[in-house]
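Peer 1: Each chain, written out:
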Amino acid sequence: KAGVTQTPRYLIKTRGQQVTLSCSPISGHRSVSWYQQTPGQGLQFLFEYFSETQRNKGNFPGRFSGRQFSNSRSEMNVSTLELGDSALYLCASSLRTSGYNEQFFGPGTRLTVL
Amino acid sequence: DAKTTQPNSMESNEEEPVHLPCNHSTISGTDYIHWYRQLPSQGPEYVIHGLTSNVNNRMASLAIAEDRKSSTLILHRATLRDAAVYYCIRFSGGSNYKLTFGKGTLLTVNP
Numbered sequence: 099k100a101g102v103t104q105t106p107r108y109l110i111k112t113r114g115q116q117v118t119l120s121c122s123p124i125s126g127h128r129s130v131s132w133y134q135q136t137p138g139q140g141l142q143f144l145f146e147y148f149s150e151t152q153r154n155k156g157n158f159p160g161r162f163s164g165r166q167f168s169n170s171r172s173e174m175n176v177s178t179l180e181l182g183d184s185a186l187y188l189c190a191s192s193l194r195t196s197g198y199n200e201q202f203f204g205p206g207t208r209l210t211v212l
Numbered sequence: 246d247a248k249t250t251q252p253n254s255m256e257s258n259e260e261e262p263v264h265l266p267c268n269h270s271t272i273s274g275t276d277y278i279h280w281y282r283q284l285p286s287q288g289p290e291y292v293i294h295g296l297t298s299n300v301n302n303r304m305a306s307l308a309i310a311e312d313r314k315s316s317t318l319i320l321h322r323a324t325l326r327d328a329a330v331y332y333c334i335r336f337s338g339g340s341n342y343k344l345t346f347g348k349g350t351l352l353t354v355n356p
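These protein sequence lines are chains D and B, in that order.
First residue of the first sequence: 99, per this note's numbering; consecutive thereafter.
First residue of the second sequence: 246, per this note's numbering; consecutive thereafter.
What the hints contain is simulated information worked out from the structure, not anything from laboratory work.
One thing to keep in mind: the hints can contain errors.
Stated by the list, open to error - Straight-line C-alpha distance at most 27 Å; calculated DSSO-like pairs for lysine-lysine: (1) B:Lys-248 <-> D:Lys-155; (2) B:Lys-348 <-> B:Lys-314; (3) B:Lys-348 <-> D:Lys-155; (4) D:Lys-111 <-> D:Lys-155; (5) B:Lys-248 <-> B:Lys-348; (6) B:Lys-248 <-> B:Lys-314.
What the hints assert, rightly or not - According to the in silico footprint, chain B covers these stretches of chain D (three or more CB under 8 Å from chain B): (7) 134-142; (8) 145-159; (9) 202-210.
The beta-carbon is built from N, C-alpha and C at its ideal position, and this holds for glycine as well.
Could you put together the complete structure from these sequences and hints?
Peer 2: Shown next, in the form of structure tokens:
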């Protein structure tokens, strides 16, 4: 069974631009969560999508948005990039059938904002 | 607010057992205890979870205190590959379906 895939793996953008990251979950998983990881703040939850609906949202500005398609693939968009958005963006998929379902993480997209 | 407390770092020798503690004194009755680890340059990886009883899987064991206010992740024989940051997480599921990561414990394994 293929794992969670994220594209692109590396990205360099400049301030003010926007970026779209993609995540393909494990087949059969309908929940996709996004996390941001920085050296200063650690791993922080961005949002979770389940069956094309945003179910949970973390404490991030509206510049961060996402969506999920009918095949469970998810995209995350960051508009008007700031230097502080430089981070590793991780997505995780899960069955989301109970409180103990493990989340499977992808390798992440390393975003650098210049 | 991660709501769990872990030591910043721990050190072990290869082939020896490792006990990684976690305090979650305000845990609610329906919160699961999940452990994840993150190896260098990789995304987090699920290790084990539990609710009330002790749990074992091929990677580790999880010992949960009777009052559920603390737990211990046990690696029975540490290998160099176990060097990672270990995160203990309270997981509610339901409408709060998200992992809230703290700073975790950096485990160093000496050869």
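Peer 1: Determine for every hint whether it applies to the structure shown.
Peer 2: Results for each hint:
{"no.": "1", "hint": "B:Lys-248 <-> D:Lys-155", "result": "holds, 18 Å"}
{"no.": "2", "hint": "B:Lys-348 <-> B:Lys-314", "result": "holds, 19 Å"}
{"no.": "3", "hint": "B:Lys-348 <-> D:Lys-155", "result": "holds, 21 Å"}
{"no.": "4", "hint": "D:Lys-111 <-> D:Lys-155", "result": "holds, 25 Å"}
{"no.": "5", "hint": "B:Lys-248 <-> B:Lys-348", "result": "holds, 11 Å"}
{"no.": "6", "hint": "B:Lys-248 <-> B:Lys-314", "result": "holds, 11 Å"}
{"no.": "7", "hint": "134-142", "result": "holds (count 3)"}
{"no.": "8", "hint": "145-159", "result": "holds (count 5)"}
{"no.": "9", "hint": "202-210", "result": "holds (count 5)"}
Checked against the numbered hints given earlier, the structure satisfies every one of them.
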